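Using the sequences provided together with the hints, build the complete structure.
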Amino acid sequence: MPEEYQQDGIIKVLDVPRRYRFPERIYLLEILKGMALTIAHFWENFRAALRGRGRPRYFTAKEGDPSYPWTWQYPEEKRFVHPRWRGLHIFKLDNKGMEACIACGMCEKVCPAKAIKIKAAKSGEEQGKRYSGPRYAATYEIDLLRCIFCGFCEEVCPKKAIELNQEYELAAYSRAETVYSKERLLANFERAKARGTVKVIPKAPPPKKPAPAKAGAKPGAKAAPAKGGQAQGAAPKEGAKTSPPQGQGTASQDKKE
Amino acid sequence: MKVDIIIAAVKMVFIFAWTLTIAALMTWVERRGSGLIQNRLGPNRVGPFGLFQPLADAIKFFFKEDLIPLAADKILFLAAPFIFGLTAFAAYAVIPFGDKIVVGGREIFLQVADVNIGFLYVLGLSSLAVYGLVIGGWASNNKYSTLGALRSTAQMVSYEVPIGLSLLAAVMVYSTFSLREIAEAQTGTILGFLPKWGIFLQPLGFLVYLVAAFAEANRLPFDLPETESEIVAGYHTEYGSMKLGLYLFGEYVNMYVLSAIITTVYLGSWHLPWIDLSQYLPPILYGIVSFFIFFAKVAFFLWLFVWVRWTLPRFRWDQVVGLGWKALIPLALLNILITALVIQLTS
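From first to last, the protein sequence lines stand for chains V and Z.
Numbering-wise (the numbering used here), the first sequence opens with residue 25 and increments by one.
Numbering-wise (the numbering used here), the second sequence opens with residue 42 and increments by one.
Calculated from the structure, these hints are not laboratory results.
All values reported here derive from a predicted model rather than from experimental measurement.
Heads up, a few of these hints could be off.
Quick list of in silico lysine-lysine cross-link-like pairs, DSBU-like style, CA-CA up to 35 Å [what the hints assert, rightly or not]:
{"hint": "1", "chain 1": "V", "residue 1": "Lys153", "chain 2": "V", "residue 2": "Lys217"}
{"hint": "2", "chain 1": "V", "residue 1": "Lys138", "chain 2": "V", "residue 2": "Lys227"}
{"hint": "3", "chain 1": "Z", "residue 1": "Lys115", "chain 2": "Z", "residue 2": "Lys105"}
{"hint": "4", "chain 1": "V", "residue 1": "Lys120", "chain 2": "V", "residue 2": "Lys57"}
{"hint": "5", "chain 1": "V", "residue 1": "Lys36", "chain 2": "Z", "residue 2": "Lys237"}
{"hint": "6", "chain 1": "V", "residue 1": "Lys57", "chain 2": "Z", "residue 2": "Lys237"}
{"hint": "7", "chain 1": "Z", "residue 1": "Lys105", "chain 2": "V", "residue 2": "Lys102"}
{"hint": "8", "chain 1": "Z", "residue 1": "Lys184", "chain 2": "Z", "residue 2": "Lys367"}
{"hint": "9", "chain 1": "Z", "residue 1": "Lys184", "chain 2": "Z", "residue 2": "Lys105"}
{"hint": "10", "chain 1": "V", "residue 1": "Lys102", "chain 2": "V", "residue 2": "Lys223"}
{"hint": "11", "chain 1": "Z", "residue 1": "Lys52", "chain 2": "V", "residue 2": "Lys102"}
{"hint": "12", "chain 1": "V", "residue 1": "Lys57", "chain 2": "V", "residue 2": "Lys36"}
{"hint": "13", "chain 1": "Z", "residue 1": "Lys367", "chain 2": "V", "residue 2": "Lys57"}
{"hint": "14", "chain 1": "V", "residue 1": "Lys133", "chain 2": "V", "residue 2": "Lys227"}
{"hint": "15", "chain 1": "V", "residue 1": "Lys141", "chain 2": "V", "residue 2": "Lys57"}
With the C-beta cut set under 8 Å, the calculated list includes, among others, these residues of chain Z facing chain V [stated by the list, open to error]:
{"hint": "16", "residue": "Gly74"}
{"hint": "17", "residue": "Ile78"}
{"hint": "18", "residue": "Asn80"}
{"hint": "19", "residue": "Ser319"}
{"hint": "20", "residue": "Phe332"}
{"hint": "21", "residue": "Phe341"}
{"hint": "22", "residue": "Val349"}
{"hint": "23", "residue": "Leu353"}
For every residue, glycine included, the Cβ atom is placed at its ideal position computed from N, Cα and C.
Next comes the structure, spelled out in structure tokens:
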């Protein structure tokens, strides 16, 4: 054990509280010991390399375990991606195939890097057919060169319409390619769905006439801050559209006002 | 006469190409070997097992900008890598790399030049290699380079002496300066069971020479002229492109030469222990086999250089010089004393 002692207010550590013995002082035996160690590592790894990617006995983690400490041969062996990984954005369709985005602009506002640009438009006749809400994103662009992959847009979205998914190979040959339009983001969504890595597929709102739905939503939202804890119970009227995060839904509408 | 010239030329080209190939291969062995020792993979992308990595490196070196610092001494700056590379290659000329091949009644010795003072020639050239470092370090006009050059000088002064003294004892044993005669003397056995190799005749001398060889080749644990972690890259801080390539390459050629000397003087050169292959094999085949036996021994020492490098930490500057003066030189002198006594008593 290293011995600690104090000298002039400084804690000092005496690693070797004894004089070196003679065989240690002539180095040779110690060098041979060290060389035996390194050649054992070499041999173990060499055999592992011959077996393909075996498991040298120095590693306690099992192969397939993400903490398996062997060099990942990247282009061939893809990186292990955790379920909550924040990779390439996807722009989601809800469970009825309608664009979940209602173009509220929350993501655009919250984005610290100003990577998102939305142009909203009225859905009109298309509401309930192609778009879930009364408004939709006519254009929706994410500039990946600006994006810092913080995931705020995903957190703030009242409709769970955007998500940072698992793709991470984002290199491109031109700047233009790094700007993802709505179509490309939708394509990302299709790929993520095919992989089965979409975290939440948003639920479509119940089919309602656009005007009453709006009218019903507003009082509910106004009631929320006043009643505090009760708001959770009051919200479902309008919150039925976005079932999971009711608190978030109301909070976002508060901000809007 | 013409045939002799052709044979000499073929031998020269062969050994030059062979040394180049091995040196290039050694850069790969070094990197993959260190990778495996450290539980990494090392370069494995270019070609099978990354074998073409040296080639890719060379191409990269050629396409790098050939930069000469404004304050550098241009002529010396350019000349230094060549001095280093040249001495490394030239030293190999006198080292036998195999026994003789007999073709059509003509004996072809596998050695470029059998100089009867081959020993001194090798010692002289390997000492000259230091000038490559010192001149390069000085001409760069950079404090790190100068420090590297200074360290290189101190190291040379400390380690040339034990090298000379340990080889002197070997010369006393074999009583010749010709490397081929030394190699040929290492047949048979001593005490009935030990092969009559230099390592058994001169165990202490072998040890001293081996340690000093690491310093001579500027390899860890004695890579003081370079010391990446202390003085950037030492003498070749300012070097780039193929000039740097020559330095790095010359280091491996130096290692090859030193390994060949160790093999020749201390490890029985092309002889196998207890067996005289020349009695069993046809002369041509025997020549080729002897070359590969020699090379296998050299390869072991090349690997030893790599192995030690990735095992030991670097010595401090004063420790290196202290080890040279206070341990190796007394040991080498003691070795000479013992050798002289034994020779005197047994003859």
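Run the structure past the numbered hints and jot down the numbers of the failing ones, going up. Failing hints, ascending: 4, 5, 11, 15, 19, 20, 21.
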